[in-house]
Structures are given as C-alpha cells and as structure tokens.
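Chemist: Residue-level listing of the chains:
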Amino acid sequence: MEPKARNDNILIQKVGAEVVIYDRERHVAHNLSQPAAFVWQHCDGQTTIGELATLLEEELHHPVDEEFIWLVLDQLQNNWLLREAVKQPGDERRISRRQATKNLGQAALMLVAPIVVSIVVPTPAMAQSSVACGQSVPCGW
Amino acid sequence: MNSNLTAKTNRRVQTEIAVACYGIRIGIQSNHSLILDRLPDYLPPQWKFSPSPIVDISYSIIFDEPEPASAASGHYLLYEGSTKLAQTVDPNEVLETLESNLHFLVASKARRKLFVHAGVIGWRGRAIIIPGYSLSGKTTLVESLVRAGATYYSDEYAVLDGQGRVHPYPKSLSIRQQSGKRPKKCPVESIGGLRGRRPIPVGLIVMTKYQPKARWQPRVLSPGQALLEVLDNTVLARIRSKFALAVLQHIVLSAQTIKSKRAEAQDVVKVLLSYL
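Those sequence lines, one after another, are chains A and B.
Using the working numbering, you'd call the opening residue of the first sequence number 12 and step up by one each time.
Using the working numbering, you'd call the opening residue of the second sequence number 13 and step up by one each time.
Note that these hints are calculated values from the structure, not bench results.
For clarity, every value in this text was computed on a predicted model and none was experimentally measured.
It cannot be assumed that every hint is accurate.
DSS-like, lysine-lysine: derived pairs with alpha carbons at most 27 Å apart [claimed, not checked]: (1) 197(B) with 282(B); (2) 254(B) with 121(B); (3) 197(B) with 121(B); (4) 254(B) with 25(A); (5) 254(B) with 125(B); (6) 25(A) with 125(B); (7) 197(B) with 60(B); (8) 254(B) with 15(A); (9) 273(B) with 225(B).
Work out the full structure: start from the sequences and follow the hints.
Modeler: See the structure below:
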C-alpha cells in the first residue's frame, strides 16, 4: 500500500515553501520543511516511494534516493500525519537523517534539516502562567 | 452565583464602576474607596467608562475589616463572580492579581485580534516583537530599546490584526526590582519614552531570553519554524487556531525571525535596531 496523507481534523497552513499542520485532536503543531511538505502533499495513496523520490528530485534539482523518502515517511508517521502505517520492506533498521541525506548535494542538505519540528500548543491556562520558555520542542537555544 | 456571597457583597459594596475594553464590559465593585481610586492604574490600556450597567464579567474586591478589639489586620478578598481569586493583607497584591486577570480576560475575549505574549516596540515605522512568557526578560529588553529611542507598544502583548499589523497595548511597564521586591509600574513617559499610536507592520521577530554571560549568536529561523515559536506564545492558540495560523503566517513571511540567548539588554539594543 502506498502512503496516504491524513487529512481529517487538521488545519493546514502554507508558509512559503513549508507547511504548518495543526493537529486538532492532539493540539500539536508541526512544521514540515520544504521537502517534507512536498512528500506529504504527494502522499495520495497511489504514488509509490520511487515516484516520490523522482518527484522530489525534480523539485530540488538534486538526486534523492528512496532512503530519504523513507526517513520523511518515518517522521510523518511518528507524528500521526499519515492515514496508515507504512513499512520499509525487507529492512527493519531505522535510518538516520545522516544516512538518508548522504547522497544529497550541499544545497539540498540545507533544505532537509530539520524535517519535522513539532510543539504542543499551549492551553490558555499555560499561556497565562509564568512559563519562562515554550512548552515544547523548538525551545532549543 | 453563590447567594451568600451575593448577599455579603451587596451589603458591603460602597462603590462600583463599569468599564469597557476591547468590546468587553467589565464591572468592578468594592467596599473600599481607596481601592477604586487606585484602580485606573491597573486597568487594561484603552479602557473607557461604560455607559451601560450591563457587564460581561464582574469582579469584587472586599476589604474584610478586623473586629475592633482584634490584633489581626484586615485582608482583601478578590472575586470573579463567585470564584475567589485572591486573599491577602496587601492591597498592591490584590490589585496586581486583578490586573493580571484583566489582561488575560482581554486577551482571551477580544474579537478580531490575536494576542501574543510579547514585548513590542516601533522603529522606523515597523515593529520589533519579542515573544516570551513572564521572566524571559522581555520587559527589560523593551525598556532598553525605548531608552534608545524606540516607540513603546507593549511589554505584555503583541496585539495583531487580520493583516498582521501590531496595535499598541501600552500598559505601564512592569519593571522588576531587586529580588523579593514587587515589579514597579512605570508609565513609559517616566523613562523618556513615547507610546505608539497606530498599528504598524512587523519587521523583526526576536526569540530571546536572558542568560547571564550568554553570547549573542543569532540564527535566522525559517518562516515555518518562526510560526511555531510565535504560536507557542499565543494566548488562544488552541481555541482560535485557524485565525492564529492565518495571522501568524502574515508576520513570519513579512518579517525576519532571529533566535539567540542574550546577556545584558543594553548589549543587544543597537544590533536589534540595526535590523530595521
């Protein structure tokens, strides 16, 4: 089965080449980098992994192998952004971003990191309290 | 409403006022005239007396006097409707609690505006907004920017409209004193500053927080990353998420966003102003 993007109970906001997705079930917001946004938008349940790699290659004007597509899908899946789980056939190992991007050019590398960044969106009560830093992930300084 | 409280409150109330702010009608009553005399300093910016006695929300500040023979001091009780918010012997504390609640009330009820926890100044017709919660050092940075000639918009909220312009919310600056002392309320004029009067576009978003001896090493965030950072400081991000995403998209695409820890505020003022 080919990957299919989840489209229920989410808000989608295009921000330039990136996409911010607000998950209304979990109150989590995700920022998809340009390549991740591109892959996610092409996950229609019919496009194969190989075709996704080819399409992204055309978009970035750089070679993209399937390992990178699997990495993106892995992150999309971990963030409940795909309808159903997809599994890399034959190889159970989890690939790292470094492995997946080793064949990309320097310009493309700048586009792929980080792939998906997420925050837990604060409640009004959180927003009222004296929290010195954001509630969640992108607080890295 | 709790009937006992209603009876008690009504019996003891001496004065009450109704004010309107960002379309919200607020009633405040007290049995202590001194409290109501001081109240204007603790109301949200741009408040006006409301001609209507009908209010959306009411607060009561009751001074509970001790018995004449008692050695105990009196105390102040703050209620929102029938819910007790504070009980203290310190009138400043009760007023500050009321102020904090009123700011949050405005931020959460105002229509057509998005409130983001942020300090805001104007410079050369554009705004620098510094999102951050309490204790992140935004007031100190805003104060330093104003002392350097920037126009004061807020040390509490960036009030954004549908086009992504930021409106003034010029409450008195809450300048923190030595540890243990309560913040001092300073009208911006008292530090030689001017208040912004009109909405302006956002030119720079600064994600920063104070850390002693930190080096200023700003990195530029992508628009999408910037949107998440600002969303993380947005009061009604969960409730008005669609509106929030649309408004924030405007500002992150039109303004640059930088992120770095900072040490002393004076050390980064010139650098920040040079972005615009």
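Chemist: Each hint should be assessed against the structure and marked as holding or not.
Modeler: Hint check results:
A hinted pair counts as satisfied when its Cα atoms are at most 27 Å apart, and residue 197(B) with residue 282(B) qualifies at roughly 25 Å. Taking the CA atoms of residue 254(B) and residue 121(B), the gap is near 16 Å; set against the 27 Å cutoff, the hint holds. For the hint pairing residue 197(B) with residue 121(B), the CA-to-CA distance comes to about 25 Å; that is within 27 Å, so the pair holds. At roughly 12 Å between alpha-carbon atoms, residue 254(B) and residue 25(A) fall within 27 Å of each other, so this suggested pair holds.
Between the alpha carbons of residue 254(B) and residue 125(B) the distance comes to roughly 13 Å, so the proposed pair stays at or under 27 Å and holds. Restraint check for residue 25(A) and residue 125(B): the C-alpha separation of about 21 Å stays at or below 27 Å, so the hint holds. Proposed proximity of residue 197(B) and residue 60(B) is supported: the alpha carbons are some 20 Å apart, at most 27 Å. A distance of roughly 23 Å separates the Cα atoms of residue 254(B) and residue 15(A); the hinted pair therefore holds under the 27 Å criterion.
Taken as a hint, the residue 273(B) and residue 225(B) pair is honoured in the structure, with Cα atoms around 10 Å apart against an allowance of 27 Å.
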